[in-house]
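Novice: Hey, can you work out the whole structure from these sequences and the hints?
Number of protein chains: 2
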Amino acid sequence: MIVTIVGTGLIGGSMALDLRAKHFATKILGVEKNKHHAKEAMMFGTVDEIETLSKSIPISDLIIIAIPVAETIKILPFILDKIKNGAVVTDVGSTKNDICNSVKNHPNRKQFVPSHPIAGTENSGPKAAMKNLFEGKMTILCNKKNCHPDAIALVKNMYEILGMKILFMDSKDHDIHVAYVSHISHISSFMLATTVLDMEKNTSTIFNLAGSGFASTVRLGKSSPEMWAPIFLQNSKNISQALGTYIKELTEFKNFVDEKDYKKMFKAMKKANGIRKVLEGKKL
Amino acid sequence: MIVTIVGTGLIGGSMALDLRAKHFATKILGVEKNKHHAKEAMMFGTVDEIETLSKSIPISDLIIIAIPVAETIKILPFILDKIKNGAVVTDVGSTKNDICNSVKNHPNRKQFVPSHPIAGTENSGPKAAMKNLFEGKMTILCNKKNCHPDAIALVKNMYEILGMKILFMDSKDHDIHVAYVSHISHISSFMLATTVLDMEKNTSTIFNLAGSGFASTVRLGKSSPEMWAPIFLQNSKNISQALGTYIKELTEFKNFVDEKDYKKMFKAMKKANGIRKVLEGKKL
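Chains as they are written, first to last, in the working numbering: chain A, 1 to 284; chain B, 1001 to 1284.
No lab work stands behind these hints: they were computed from the structure.
One or more hints might be untrue.
[Claimed, not checked] Simulated crosslink set (EDC-like; lysine to aspartate or glutamate; CA at most 16 Å straight-line):
#1 Lys1248/B x Glu249/A
#2 Lys271/A x Glu1226/B
#3 Lys283/A x Asp1198/B
#4 Lys1271/B x Glu226/A
#5 Lys1267/B x Glu226/A
#6 Lys1027/B x Asp1061/B
#7 Lys1263/B x Glu1280/B
#8 Lys39/A x Glu51/A
#9 Lys270/A x Asp1198/B
#10 Lys172/A x Glu1200/B
[Unchecked claim] So the derived list for chain A, only partly shown, Cβ under 10 Å to chain B, looks like this:
#11 Ile187
#12 Met199
#13 Glu249
Cβ atoms here follow ideal geometry from the backbone N, Cα and C, with glycine treated the same way.
Specialist: Here is the structure:
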């Protein structure tokens, strides 16, 4: 199967590495507008060839779009225009509803399977790509009823070959849930980094005092603005609501601190501790 | 050297394991008021004997207090009353100024070295103790001028044997810096967990959608309220200020999201990205 990966960064690159290693793809074409990244993707053997979008689309059986979500919306109709009969397109964006809406009336809509593999690191670009990034993780496929069953089957099969579990979800629901479970944790981390950088002008103090806890909490603050700003724009309504709730919780906790209210602080933290069970897949 | 560890949990227990393995302690006595923990500490071989405070203090060369910081303040004067001549006391609390003030007029003040080893996990109790927890990390020793040089030398040597780097700092400065670099990252994480638990009533959705990023950001939200509530109380003034700044930054970012202001979001995230360099020990 000939696979085109549009965007050879962390996600696209990691998919390319595994899809070749697992013999899913016989040939991997890379579309990459960043010349430095294109060079890296060839150097690291991420893709077999760097090709233009116009040349790669008509010869590909599967096209994976792994670029910032604003670019995906721009490029997706063009790709659906050019695909060969029976070919399948998927994207890996962290928002799904705007992307689905952008092609809802496209004649080849059924050949597109909107997906969101929940995997990644705080790094980006071809050099961040790694094998087995997806192993054991979850991917969300959205709006199944708008996709051709064969297209769903192919994309599902591909993710299963990457070692992923599959969950079907409505694109609107997806965007609400990820606002809470993914997007605001990024903002929380970005702004924690900013707060500390603002207050600790002597950065060696941060370096000296940062334990593994701080490092863990600000890790996402190293993430790429090129990738995340478009996500925050597309999911702004849900994120605003989630962020509002988060700020409310923080403000309430600050009040407990100001009032030196041990009991209320304790109770709030005890409640938060429930996340341990939830992340272990247990009921609260 | 006979070492008494008051509190056989994550920090005390991990110190005990390494101090024995590295032949620093010939005998380790554990003082543990939680009967279940006392049993575990013996079962796991964390300590050689469980002993009462009254019996262990007069026969110990070094006493390490590794209990919640409110308990430390209560117990510290009593320990300094009972220590033998030349013996040394240290604590491992995440706040330093109130603890220092609580014994500033004690006749044996010079035998106490306030310390803060910056190491830990989100787990607690003797079963959370592990070898090499401190290797390569930083410990802060406070208010050196109030300590006997021999006491400083002993505590410094002990931490170096655990593989730690040493930094001296004023206790007031320590508490300001840790409010930013440690304490608010815990609150950020506790409240992120709460927000998500509040909004996602079907907890399987959290389990399904949580990627490594979310897991990393809420990890500290699993931490022990028994340990952290007293820290937040003792450092309430600094934490309130840090948390106020953090809430301000988040509110500002929320405004950018509401206004769909790509440029401002991008700029704010790019600034936050500076934390990568800082945590690598580089200049911004």
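Novice: Now, for every hint given, state plainly whether the structure supports it.
Specialist: Hints and how they fare:
| no. | hint | verdict |
| --- | --- | --- |
| 1 | Lys1248/B x Glu249/A | holds, 14 Å |
| 2 | Lys271/A x Glu1226/B | holds, 13 Å |
| 3 | Lys283/A x Asp1198/B | holds, 14 Å |
| 4 | Lys1271/B x Glu226/A | holds, 13 Å |
| 5 | Lys1267/B x Glu226/A | holds, 10 Å |
| 6 | Lys1027/B x Asp1061/B | holds, 10 Å |
| 7 | Lys1263/B x Glu1280/B | violated, 27 Å |
| 8 | Lys39/A x Glu51/A | holds, 12 Å |
| 9 | Lys270/A x Asp1198/B | holds, 13 Å |
| 10 | Lys172/A x Glu1200/B | holds, 15 Å |
| 11 | Ile187 | holds, 6 Å |
| 12 | Met199 | holds, 5 Å |
| 13 | Glu249 | holds, 4 Å |
The structure shown violates just one earlier hint, number 7.
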